[in-house]
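Heads up: the sequence lines are chains Y and V, in that order.
Sequential numbering of the first sequence, starting at 1, is according to UniProt numbering.
Sequential numbering of the second sequence, starting at 1, is according to UniProt numbering.
Certain hints may be false.
Below, in silico cross-link-like pairs of lysine-lysine (DSS-like), each with a Cα-Cα straight-line distance of 27 Å or less [said to hold, decoys possible]:
#1 V:K189 <-> V:K96
#2 Y:K217 <-> V:K261
#3 Y:K4 <-> V:K96
#4 Y:K59 <-> Y:K261
#5 Y:K213 <-> Y:K200
#6 Y:K289 <-> Y:K217
#7 Y:K40 <-> V:K182
#8 V:K159 <-> Y:K286
#9 Y:K6 <-> V:K96
#10 V:K98 <-> Y:K6
#11 Y:K229 <-> V:K230
#12 V:K163 <-> Y:K7
#13 V:K55 <-> V:K230
#14 Y:K229 <-> Y:K48
#15 Y:K6 <-> V:K182
Please keep in mind that the hints were generated in silico from the structure rather than gathered at the bench.
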Amino acid sequence: MMKKNKKLIWSIAFILPALALLCVFLLYPVCQAVYLSFFKWTGIASAKPIFIGLDNYVKIFHSPNFWLSLRNSLLFMAGGFLVLMPLSFLLAKIITSKIMGVRFFKVSYYLPVMLPVAAVGLIWVYMLQPDWGLVNSLLEKIGLTSWAINWLGEKTVNVICIVLVNEWIFAGFNMLIFAAGLVSIPSDVYESAKIDGANKTKTLFYITLPLMKESFKVFSVLCVCGCLKTFDLVFTMTGGGPNHSSEVPATLLYMEAFGSKNFGRGNAIGVVILVLGLALSLGLNKILKSDD
Amino acid sequence: MKKMSNKVFQVFAWLWAVITLYPLIVTVFCSFKENNDIYGSMFALPKNWHFSNYKDALFSANMLRAIGNSLFLALGTTILVVVVALLASYTFARMKYKFLTPCFMLFMLGVMIPIHTTIIPISKIAADIGGYDRYWMLILTYTTFQLPQAIFLITGYIKGISKELDEAAVIDGCNMVQILFKIILPISKPIIATVSIISFVYAYSELVFSVILLSSPAKYPVSRSLMYFKGDFSVRMGPIFASIVLAVLPLTVIYLLFHEKVQEGMLAGSVKG
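Start from the sequences, fold in the hints, and give me the full structure.
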C-alpha cells in the first residue's frame with residue numbers, strides 16, 4: 001500500500017512540470033487570445049480592455065488586407081502542391097538512385113533546411129535586390145534586361161518570390177519524406193513488374209506512386225497546415241509590404257498588434273488562425289484516414 | 001532511350017545542387033568584398049579579400065555576442081525540453097492511472113495549436129510576471145512549444161522498450177526513479193538525441209518571440225540581430241554578408257558533422273501522423 005502511494009506521488013511529480021508549462025505558456029494564452037478577441041485594447045497596462053462583442057471579427061472580415069493575407073496563404077499552399085511536391089519527389093528519386101555523388105547531393109539539398117529562416121530570408125533579399133542583386137545581374141548578363149524587375153516591390157510577384165524561396169528551403173526536407181517512402185517499397189515488386197513487361201512510366205504510375213500513398217499523405221498534412229504558420233520568411237523578406245501586399249495572417253496579426261496597437265483585432269486574427277489550423281489538421285486527418 | 005533519361009536525371013541533380021549552393025557561395029564571396037566589388041558583379045570571386053569584414057561583423061555588429069546568446073538559449077531550451085519531456089513521457093508510457101489519458105490528450109492537442117495565436121497573450125503574460133526582456137521567459141516559452149512533440153516522440157519510444165526489463169529491475173530492488181535513470185534513460189539515447197537536435201535548431205533560429213519579448217540589443221540572438229540589416233542598402237554590405245555567414249556557421253558545422261543523425265531526427269519530428 002505504501003509503495004503504491006509512493007508510485008502515485010512520483011507519477012504526479014513527473015508529469016507536473018510538463019503540465020504546468022503546457023497550461024501556463026500554451027493553453028492559457030490560447031484561452032486568453034479567444035477572450036481578448038472580444039475586447040478593444042491598446043496593449044497599455046493602464047488602459048482597460050473594453051468589451052465590444054464581435055466587432056473585431058466584423059472589422060477583420062471587412063478588411064481587404066485580411067482577405068489578401070488569406071489569398072497569399074493559398075498561394076503558399078498552391079506552391080506547395082504545384083512546385084514543392086513534384087520537386088521534392090524528383091530530389092527523392094535522385095538521392096535514392098545510384099548516380100555518382102549521391103551523398104554530396106543529399107547533404108547539399110538539405111543544407112538550407114538547417115539555416116535560420118531569418119538568415120535565408122536576408123540572403124534572398126540581397127539576391128533579389130533590384131539594382132545589384134544576383135538575379136538581376138545574371139539576367140542582364142544574358143541580355144534579359146527587361147526581365148530584371150523589382151521582385152519584392154510588386155504586388156503578387158513578391159508573394160510568388162517568397163513562395164519560391166520557401167520551396168527552395170524546404171525541398172530538401174520534403175525530399176526525405178518521399179525518400180523514406182521510396183526505399184520502403186520492396187524491390188521484388190519492381191522485378192515482377194519488369195517480368196510482366198511494364199515500362200518506366202507505367203511502373204511509376206501503377207507501382208511507385210500508389211505504394212507511396214503514405215508519403216503523399218504526410219506531405220499534404222504538413223503542406224496544408226504549414227501554410228498558415230508562415231511568418232519568419234515573410235517578416236524578414238518584405239515585412240508584409242509594400243502596402244500590405246505580401247501579408248500573411250500571422251504577419252497581419254503582428255502588424256495589427258505591435259504596429260497599430262489594435263491588440264483586440266490582432267487576437268481576433270489569432271483566433272481565426274487557430275480555428276482554421278485546428279479545422280484543417282483535424283479535417284485532413286479524418287479524410288486521409290477514411291481513405292484506407 | 002535509357003541513357004538519355006539517365007543523362008537528364010544527372011543534369012537535373014547537378015542543376016538543383018547549383019541552385020541550392022550558389023546563393024550561399026555568393027554570400028560567402030560577398031562577405032569578403034567591398035561595396036564596389038558587390039554592386040554589379042555579385043556573382044564573381046572577390047578581387048581583394050577583405051578579411052576585416054569579419055572583424056567588423058564579430059565586434060562592431062556584435063555578432064559574436066549574438067551567436068553566444070543564441071547558443072545559450074538553444075542549450076538551455078534543449079536541456080529543459082529533454083528533462084521535462086523524459087519525466088512526463090516515462091510516466092505516460094509506463095503508469096496506468098486513469099488521469100494520465102486526458103493529460104496525454106492535452107499534449108496531443110498542443111501539437112496542433114498554431115503558435116502565432118499565442119503571440120499577444122504571451123507578451124501580456126511576460127509583462128505581468130516580469131518576464132519581459134528576460135532569457136528565462138524565452139527559454140520557458142521555447143520549451144513549451146517543443147514539449148508536445150518531444151513527449152509524443154519519447155513516449156512512443158519508451159512504449160517500445162520491453163517491460164520485462166522493468167520487471168527484472170523491480171525484482172532486483174529498483175524503485176520507479178531508479179528504473180528511469182538506470183534502465184530507460186540509457187536505452188532511450190537515440191530518441192533523446194533526436195529531440196535535442198529538433199529543440200536546439202528551433203531555439204537557435206527562433207525569431208518572432210525574440211522580437212516581441214526582448215528589448216535590449218545586447219540580449220538579441222542571431223535572427224533578431226540580423227533584422228537590424230533589413231532593407232539597409234546604403235551602408236557597407238561586406239560586414240553584413242559576413243554577419244550572415246557567421247550566423248549560419250554554428251548550425252552548418254553541426255549539420256556537416258552529424259548530417260545523417262540530423263536528417264533522421266528532423267524527419268522523425270515531422271512525421272507524427
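Given the hint that V:K98 pairs with Y:K6, test it: the Cα-Cα distance must not exceed 27 Å. holds (17 Å)
Just to be careful, I want the Cα atoms of V:K189 and V:K96 compared with a cutoff of 27 Å; is the pair within it? holds (24 Å)
Taking only the CA atoms, is the gap from Y:K59 to Y:K261 under or equal to 27 Å? holds (15 Å)
Take the C-alpha atoms of Y:K289 and Y:K217, compute the straight-line distance between them, and say whether it is at most 27 Å. holds (9 Å)
27 Å limit on alpha-carbon distance, applied to hinted pair Y:K40 and V:K182: Violated - the C-alpha atoms of V:K182 and Y:K40 are around 55 Å apart, more than 27 Å.
Given the hint that V:K159 pairs with Y:K286, does the C-alpha gap stay at or below 27 Å? holds (25 Å)
With a cut-off of 27 Å on the C-alpha distance, tell me whether Y:K6 and V:K182 pass. holds (19 Å)
Pair hint Y:K6 and V:K96, alpha-carbon separation not exceeding 27 Å: Holds, at about 14 Å.
Could you grab the alpha-carbon distance between Y:K217 and V:K261 and see if it respects the 27 Å cut-off? The hint holds at about 24 Å.
Just to be careful, I want the Cα atoms of Y:K213 and Y:K200 compared with a cutoff of 27 Å; is the pair within it? Cα-Cα ~19 Å, so holds.
Proposed proximity, V:K96 with Y:K4 (alpha carbon, max 27 Å): Measuring from Cα to Cα gives roughly 12 Å; hence the hint holds.
Hint check: V:K163 vs Y:K7, CA-CA at most 27 Å. Holds or violated? Distance ~17 Å between V:K163 and Y:K7 Cα, so the pair holds.
Figure legend: structure checked against the earlier numbered hints; hints not met, in rising order: 7 and 14.
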